[in-house]
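There are 2 protein chains.
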Amino acid sequence: MQNPFVDRLIERAQERDSRVIVGLDPNLEVLPNFLQERLRREPTETNIEEILFEFNVAVIEASAAEAVGFKPQAAFYEQYGLAGMKALYRTLTRLREMGELILLDAKRNDVTHTAGAYATAWLGAHHPIFGTPNPWRADALTINGYLGADGIRPFMQVNPEAGLFVLAKTSNPSSGELQDLLLQDGFSVAEKMAQLAAEWGATAMGECGYANIGIVVGATYPEQAARLRAIAPRAPFLMPGIGAQGGSLQAVSAAAGADQLGAYAASSRGVMYPFAPAALSGPDWRDAARQAISRAARELRLAIRRVLASQGG
Amino acid sequence: MQNPFVDRLIERAQERDSRVIVGLDPNLEVLPNFLQERLRREPTETNIEEILFEFNVAVIEASAAEAVGFKPQAAFYEQYGLAGMKALYRTLTRLREMGELILLDAKRNDVTHTAGAYATAWLGAHHPIFGTPNPWRADALTINGYLGADGIRPFMQVNPEAGLFVLAKTSNPSSGELQDLLLQDGFSVAEKMAQLAAEWGATAMGECGYANIGIVVGATYPEQAARLRAIAPRAPFLMPGIGAQGGSLQAVSAAAGADQLGAYAASSRGVMYPFAPAALSGPDWRDAARQAISRAARELRLAIRRVLASQGG
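In order, the protein sequence lines correspond to chains A and B.
If you're matching positions, the first sequence starts at 1 in our numbering and goes up one per residue.
If you're matching positions, the second sequence starts at 1001 in our numbering and goes up one per residue.
None of these hints come from the bench; they were simulated from the model.
Mixed in with the good hints there might be a few duds.
Short derived list, chain B residues pointing at chain A, Cβ under 8 Å [what the hints assert, rightly or not]: (1) 1089; (2) 1098; (3) 1125; (4) 1150; (5) 1176; (6) 1274.
Chain B regions said to be covered by chain A (calculated; three or more residues, Cβ under 8 Å) [said to hold, decoys possible]: (7) 1109 to 1116; (8) 1254 to 1261; (9) 1293 to 1303.
Positions of the beta carbon are idealized from the N, C-alpha and C atoms, including for glycine.
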């Protein structure tokens, strides 16, 4: 496998001394007032696209130095129809031009041909008809493994370099309704999913020693994160739930592994919106927003570094 | 609840004496040669959009009289980028103008705000900013319940009338890797998911006596379909896997319930592509395609009716 995602992930983490993945979840209702006001004055599809993209660029430029990569959440673009999709298109293109790693959070899932179509859409190197480079491609994609291997293989085949993160234990309060149930062999559903992901990943190892298939593990469940690390020792962990959802840095540390390179904290609202919208009502919103975003991203990066240092010490 | 999806589903099934949901999974590589040739001569984004939409219209018009509703599969549109999304937009708009029921197969899943954004995108009655009618809205959406109630409630809240189909037992060969595993209470993971869907659905009952939350159950697993019917007696079943995947009409019959209105066979390739692409190379492709599609849809409708009659008799 040439240049798999996981090798680029680990290399970038070391270069930037960071374990932070910055979410890009644009929500017009919490953007700086200046942008909201602009949309109220001129409520057009084009303006939605423009504002989402402009704000994303501010977030990306302010936080790139502190981040391992960026995680656009597909739902937040889909909710604005074609305008949202165009903003996503431009965001992906900009991230790629800047050389930033893109982890698209879309939790796609289906089987055979249909899973292959999702893979073509979001991971394919080329347009399925024209053969031109696919401007929508991400470096990695979150997927839901409920359908088993038939739902995973097509994603691995369409672009073997692309990384995958399979949902194991999600960060939300009700995740246990299904994921914590114990199977007859004593493992939970989430642990079984991690086992499956580890099996699939064993056939797609990077030179870094980690697998190109990782798992999603909520930072809100530190004890389970440690158990899942033991079950899937070579899987990179994508860990949402830091910040707004009350996730702990201890969970990231518990899942980081001996080399401390195995766990990545995904933060969206905490890094994107560290300001009151009303405080940013003037045309100078960008400078103030960028300062606050840059500070929030740096503080998260350093806080994780401190926790890892105290554990590794 | 005013006019929930499930009441419209059951009413339409009775009106048309049908249990067929026609999939709309456009794949340029298997379209009539005439359309493929047109794209080769003029390989543009606009032409992709136009051809996907034209073919969908032919399928819809040819099969509507035989169908309870239509099930566009999001992946097949996403794979063609903005051109695909525009074709989906026009397809949804056309279906709505014709008064056809739309079950969007997108298997979306996430929690709280993010699930709400997916719900806004695909089920919301109105644009989240402009308040205008949402042209992307479907009548029902397939979702993946792996994340528990936090991942279901936002879909129920954004549009209480909208129907949901939660993946329980999927039609693919590897679905058992996770879904067939037995929990400590003796139920399988798929059965537990059906129990959860039944609980969620109990708070959203239609006047027809069925719940507005159904489950997806592969027609490839007749015995499990019968067990799931016992577990979720009031859930409408969406049953893919007929035709190309070898699913059986017996499974539909086993899951239909005493009133024979509980199970719906989803067929995509079998109804959409009942012709050899090379046989349709002339400008008269439409007539020949429509005849074949209409016949395939009618045969499936009548075959299900026969199986139901022999069981119900």
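Hints versus structure:
This hint holds: residue 1089 (chain B) has a C-beta 7 Å from the nearest C-beta of chain A, less than the 8 Å allowed. Contact between residue 1098 (chain B) and chain A, as hinted, is not supported at the beta carbon level, the nearest pair being about 21 Å apart and thus beyond 8 Å. A least Cβ separation of about 13 Å between residue 1125 (chain B) and chain A goes past the 8 Å threshold, and the interface hint is therefore violated. At about 4 Å, the closest approach between the beta carbon of residue 1150 (chain B) and any beta carbon in chain A falls short of 8 Å, and the interface hint on this residue holds.
For residue 1176 (chain B), the interface hint holds, since its Cβ comes within 8 Å of a Cβ in chain A; the closest pair sits about 7 Å apart. Checking residue 1274 (chain B) against chain A: minimum C-beta separation of about 17 Å lies over 8 Å; hint violated. With 7 residues carrying a beta carbon less than 8 Å from a beta carbon of chain A, the segment 1109 to 1116 of chain B meets the three-residue requirement, and the given coverage holds. Look at the segment 1254 to 1261 of chain B against chain A: 0 of its residues bring a Cβ nearer than 8 Å to a Cβ of that chain, fewer than three, so the hint is violated.
Counting residues of the segment 1293 to 1303 of chain B whose CB lies closer than 8 Å to any CB of chain A gives 0, so the stated coverage by that chain is violated, three being the minimum.
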